[in-house]
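Q: Protein chains in written order, with this note's numbering: chain F, 1 to 329; chain P, 1 to 256.
Hints are supplied without guarantee of correctness; some may be wrong.
[Said to hold, decoys possible] Cut-off 20 angstroms, straight-line C-alpha distance, at most; resulting in silico cross-link-like pairs (EDC-like, lysine to aspartate or glutamate):
hint, chain 1, residue 1, chain 2, residue 2
1, F, K286, F, D240
2, F, K309, P, E40
3, F, K309, P, E156
The hints are simulated quantities; they were obtained by calculation from the structure and are not laboratory data.
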Amino acid sequence: MYGNAYIDPSLAPNKLTQDEDPIKLAEFEARIAAGDKIEPKDWMPTEYRKQLIRMIEQHAHSEIIGSLPEGTWITRAPGFRRKLALIAKVQDEVGHAQLLYSAAETLGKPREEMINDLISGKSKYSNVFNYPAITWADTAVIAWLIDAGAIVNQLANSKGSYGPYVRALDRICAEESFHLKYGHDNVVYLATGTPKQRQMVQEALTRWWPPIMHFFGPSDKISVHTETLMKWKVKMASNDDMRQTFLNMYVPKIWDLGLVLPDPNLKKNTETGLWEYTEPDWEEFKRVINGDGPCNAERLAVRRQAEEKGRWVRQALLSKDSRYVTPLV
Amino acid sequence: MNISEKGFFAIKEMLYKIADDQLILGHRNSEWTGLGPVLEEDIAFSSMAQDKIGHSLAMYEILSQMGESDPDTIAFMRNDDQFHCCHLVEYPIGEYEFSLMRHFFFDMAEAIRFEMLANSTFEPLAMVARKIKGEIKYHTMHAQIWINQLGAATEESNLRMQKALNETFPLALGIFEPGTHEEILAEEGIFEGEKALQDKWLQLVTPILEKAGLQVPSISSITPSYGGRFGSHTPHLQPMLEEMTEVFRIDPSAEW
Ligand SMILES: [Fe+2]
Ligand SMILES: [Fe+2]
Ligand SMILES: [Fe+2]
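Assemble the whole structure, with the sequences as input and the hints as a guide.
A: Listed below in structure tokens is the structure:
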């Protein structure tokens with residue numbers, strides 16, 4: 001799960017390439033234009049490497065932090081079918097983190113360092129996971145709509161230029177589509193269930209709509225900077241384009257279930273073909289991403305505690321005395 | 001061989017304890033999702049949790065076919081005194097070394113149990129046992145690799161592992177608490193018995209632990225933690241069940 005890469009609009013346009021060898025840069029850009037994938041040992045601009053590390057790392061953090069709100073419901077999932085499916089789903093998310101950390105490591109930043117930057121608050125992760133999953137229905141809405149948003153984003157990124165990242169994304173997208181099916185099935189059962197179940201899912205949807213609208217990030221104005229990153233196939237689509245794709249695919253499905261979205265202005269403009277909506281509260285988005293959301297402290301505290309509790313294990317793996325032994329049976 | 005009416009009764013008792021162990025330990029292991037010492041261990045514990053819960057479902061399904069309720073009702077609608085799990089599986093996940101040692105002891109026993117059950121005269125169980133034992137092989141491999149790795153890697157890891165061993169050993173012996181119908185099960189070729197299982201288990205786990213630099217207490221000096229098979233549990237089980245059934249009980253007639 002993930003929101004789109006954030007690009008600082010205040011960066012000077014020529015800063016991305018100013019120190020690069022023009023011949024190598026031209027070759028590099030020609031390869032990307034031709035649809036080649038860039039591999040770890042290939043030459044690449046410093047800024048390409050930097051942006052990718054940041055983006056893949058944030059994506060990895062989002063997967064691992066994203067496993068927490070749903071993870072707390074594993075022990076409460078109602079019935080065998082949901083229990084097994086939810087464990088498998090959350091496990092997949094942790095697996096995505098593992099794949100993505102490995103992809104980012106190919107660019108030169110070790111996993112341990114990335115995790116340290118996560119728990120120190122230095123690197124970011126998707127803002128949606130700073131909101132609580134209050135009831136079982138919240139997990140259903142997350143698995144359906146947040147995973148749906150993640151798919152829109154990840155499908156776009158899977159057409160990118162960096163080999164290890166796009167290969168990881170291909171695998172991840174295949175699994176995310178199962179999550180989406182699981183989430184949708186879950187929401188359908190609630191929305192067509194008892195009055196209590198319908199109430200639960202409506203309330204969860206109302207709670208999650210603002211974070212969902214925040215998911216793809218604020219409108220990004222097209223700068224020279226974003227143009228370069230798009231030319232390098234690091235950034236694949238604008239935040240607004242992805243939000244439109246998402247709304248177009250899922251709002252009709254939500255309405256079909258008889259559920260209500262808490263935005264009276266939400267409608268598709270038949271002339272432009274675009275969705276219109278009340279502008280999300282970007283001040284809140286900024287506040288939450290900078291650490292002041294309902295769950296930021298809790299999420300990082302859980303992660304920090306897991307890291308601390310597991311330190312002796314990781315040390316034991318590094319010990320010179322530790323040895324690999326073939327299993328006996 | 002035909003199974004007698006007494007035999008069926010004994011089978012039900014046995015299936016309940018096997019299934020309850022798997023469900024409760026699977027539930028506990030799933031609590032590691034997102035919290036493991038390395039991501040790979042989160043994923044491993046989560047996989048094994050899915051297998052365990054899946055195996056318990058297979059056992060409850062056999063019970064359903066024998067006239068008991070459907071699996072969801074059996075699993076989600078009983079109180080602790082109606083459960084037949086051993087104390088070992090009931091404890092919270094604790095520190096990683098506790099969960100690892102529990103996983104090692106339990107899965108080694110389970111691997112042998114299903115090996116024995118694969119030849120049971122009760123064919124529906126024998127069939128499932130043959131499938132399950134193939135899957136548990138990976139769990140015991142996983143446990144042994146980690147026991148080997150952590151047993152003597154550092155002073156701290158050795159201390160932690162030895163302490164976990166000492167704590168879990170009496171609980172692990174509780175796995176083998178004899179049932180009321182051991183003789184019938186043995187006579188009718190359904191299952192050789194808990195005593196035989198415990199002997200095989202001890203023979204298997206002792207050299208592995210010793211090779212990893214850990215000391216195995218003499219079994220005669222230990223009081224096994226018994227009672228679980230007859231509905232007497234640690235204080236950890238009931239709160240766990242309340243959490244597990246929290247959503248299900250909002251409306252047990254609803255479809256989730
Ligand atoms: Fe999985
Ligand atoms: Fe994911
Ligand atoms: Fe997902």
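Q: Given the hint that K286 of chain F pairs with D240 of chain F, test it: the Cα-Cα distance must not exceed 20 angstroms.
A: Given that 20 angstroms is the threshold and the Cα spacing comes to 17 angstroms, the pair holds.
Q: Is the straight-line distance between the alpha-carbon of K309 of chain F and that of E156 of chain P 20 angstroms or less?
A: The hint holds at about 13 angstroms.
Q: When you check the alpha-carbon spacing of K309 of chain F and E40 of chain P, does it fall within 20 angstroms?
A: Distance ~15 angstroms between K309 of chain F and E40 of chain P Cα, so the pair holds.
Comparing the model with each numbered hint stated earlier shows that all of them hold.
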